[in-house]
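Undergrad: Could you put together the complete structure from these sequences and hints?
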Amino acid sequence: MRNTTKDSVYVIRPPKGLVHIDFGEIWRFRELLYVFAWRDIKVRYKQTVLGILWAVFQPLFTMIIFTIFFGNLAKVPSDGVPYPVFVYTGLLFWNYFSTSLTNASNCLIDNEAIVKKIYFPRLILPMAVVVTPLIDFAFAFVVLLVLMIVFGYLPNIIGLLLVPLFLLISFITASGVGMFLAAINAKYRDVRYILPFFIQLLMFLTPVIYPVSIIPRFKWVAYFNPMSGVISSARSAMLNGSIGEWQGLIMAFLMSIFLFLFGLTIFRKTEKFFADIL
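UniProt numbering numbers the first residue of the sequence shown as 1 and each following residue consecutively.
Keep in mind the hints are simulated off the structure, nothing from the lab.
Heads up, some of the hints might be wrong.
To be verified - Below, a list of computed lysine-lysine pairs in the DSS-like style, where the Cα atoms sit at most 30 angstroms apart:
#1 Lys272 <-> Lys187
#2 Lys269 <-> Lys116
#3 Lys117 <-> Lys219
#4 Lys42 <-> Lys187
#5 Lys117 <-> Lys46
#6 Lys187 <-> Lys117
#7 Lys187 <-> Lys116
#8 Lys117 <-> Lys42
#9 Lys219 <-> Lys75
#10 Lys42 <-> Lys116
#11 Lys46 <-> Lys116
#12 Lys219 <-> Lys116
#13 Lys75 <-> Lys187
#14 Lys269 <-> Lys46
Said to hold, decoys possible - Distance windows between CB atoms, simulated:
#15 Ala74 <-> Gln247: 26 to 32 angstroms
#16 Asp79 <-> Gln200: 22 to 28 angstroms
#17 Pro216 <-> Tyr119: 50 to 56 angstroms
#18 Asn240 <-> Asp190: 38 to 44 angstroms
#19 Ile194 <-> Val142: 31 to 37 angstroms
#20 Phe218 <-> Ser242: 21 to 27 angstroms
#21 Tyr45 <-> Ile215: 35 to 41 angstroms
Quick reminder that beta carbons are idealized off the backbone N, C-alpha and C, glycines included.
TA: Right, dumping it as structure tokens:
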């Protein structure tokens with residue numbers, strides 16, 4: 001009796017639409033997503049003495065510096081909240097967003113050899129680098145809880161339950177802007193030089209070191225930046241037990257969806273050229 005085996009054939013077809021995501025294909029390549037994510041985690045803290053503790057010390061040191069200069073010297077208001085807790089809450093979400101943005105912008109260039117030689121859903125690359133900073137967020141979040149207790153703010157259930165929602169909006173926003181930057185950076189390498197200045201400027205336009213209440217006339221303009229709504233709502237939920245201004249969070253969610261679809265469209269339009277332009 002003769003044994004016969006059938007080789008599986010994988011047919012590669014172009015995307016059906018500019019905003020179409022083949023979740024089935026991404027699921028089939030889920031192990032590759034895990035490999036990329038785990039590799040990024042190991043590379044980030046390779047040959048460092050403190051390792052993953054940098055995820056704690058980085059926002060902690062930044063919080064101390066901001067507290068000295070903006071809280072004590074510049075007397076920036078903090079809506080009655082101790083400034084260290086106030087600014088650390090903002091830095092917690094901002095650091096996740098800015099790290100994801102930086103990593104996503106370079107994800108194609110950093111994996112140039114793989115992109116040119118092997119087929120896999122290119123969306124896996126920006127997805128992987130936006131997922132990995134969640135590890136840093138988790139460690140830094142524990143420090144926030146300790147900081148809250150030290151300053152007399154007991155973690156409340158409402159705030160804890162809403163953290164995944166704030167993270168989701170941050171994730172969607174970072175993914176959308178990250179896909180756009182990755183696609184542009186693949187052709188125009190100037191992006192890697194401009195991006196650090198852009199992120200620094202955007203941080204000062206986002207209520208990280210100050211409350212959105214000090215710009216009442218321009219509050220609606222600030223909410224066009226999804227991270228403004230996320231950070232303001234996160235502070236209110238974590239420290240006061242309420243969302244505060246729902247319109248800010250709703251605006252943040254809607255803008256995050258818009259930015260995601262925009263970034264996905266640009267990424268889809270250019271991904272067929274990635275192997276040629278990298």
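Undergrad: Each hint should be assessed against the structure and marked as holding or not.
TA: Hint by hint, here is what the structure shows:
1. Straight-line distance between C-alpha atoms of Lys272 and Lys187 comes to about 13 angstroms, which keeps the hinted pair within the 30 angstroms bound.
2. For the hint linking Lys269 to Lys116, the alpha-carbon distance of about 17 angstroms falls within 30 angstroms, and the restraint holds.
3. Of the pairs offered as hints, the one joining Lys117 and Lys219 is violated, with about 48 angstroms between alpha carbons and a cut-off of 30 angstroms exceeded.
4. Pair hint Lys42 plus Lys187 holds up; C-alpha atoms about 28 angstroms apart against a cutoff of 30 angstroms.
5. Between Lys117 and Lys46, the direct Cα distance comes to roughly 26 angstroms. Compliance with the 30 angstroms bound is thereby established for this hinted pair.
6. Among the hinted pairs, Lys187 with Lys117 is consistent with the structure: their alpha-carbon atoms are about 18 angstroms apart, no more than 30 angstroms.
7. Straight-line distance between C-alpha atoms of Lys187 and Lys116 comes to about 14 angstroms, which keeps the hinted pair within the 30 angstroms bound.
8. For the hint linking Lys117 to Lys42, the alpha-carbon distance of about 24 angstroms falls within 30 angstroms, and the restraint holds.
9. Annotation: proposed proximity of Lys219 to Lys75 holds, straight-line Cα distance about 21 angstroms (limit 30 angstroms).
10. For the given pair, Lys42 sits about 24 angstroms from Lys116 by alpha-carbon distance, which is consistent with the 30 angstroms threshold.
11. Proposed proximity of Lys46 and Lys116 is supported: the alpha carbons are some 26 angstroms apart, at most 30 angstroms.
12. Taken as a hint, the Lys219 and Lys116 pair is broken in the structure, with Cα atoms around 45 angstroms apart against an allowance of 30 angstroms.
13. Proposed proximity of Lys75 and Lys187 is contradicted: the alpha carbons are some 44 angstroms apart, above 30 angstroms.
14. Of the pairs offered as hints, the one joining Lys269 and Lys46 is violated, with about 35 angstroms between alpha carbons and a cut-off of 30 angstroms exceeded.
15. A hinted range of 26 to 32 angstroms holds for the C-beta pair Ala74 and Gln247, which are about 29 angstroms apart.
16. Restraint check, Asp79 to Gln200: a C-beta distance of roughly 24 angstroms satisfies the suggested window 22 to 28 angstroms.
17. Our hint of 50 to 56 angstroms for Pro216 and Tyr119 holds, since their Cβ atoms are close to 52 angstroms apart.
18. Roughly 43 angstroms separates the CB atoms of Asn240 and Asp190, a value that falls within the hinted 38 to 44 angstroms.
19. Checking the proposed 31 to 37 angstroms range against Ile194 and Val142 shows it holds: the Cβ atoms sit about 34 angstroms from each other.
20. Judged by the Cβ atoms, the range 21 to 27 angstroms given for Phe218 and Ser242 holds: they are separated by roughly 23 angstroms.
21. Between Tyr45 and Ile215 the CB atoms are about 38 angstroms apart, so this pair conforms to the stated range of 35 to 41 angstroms.
Hint check: violations occur at hints 3, 12, 13, 14; the rest are consistent with the structure.
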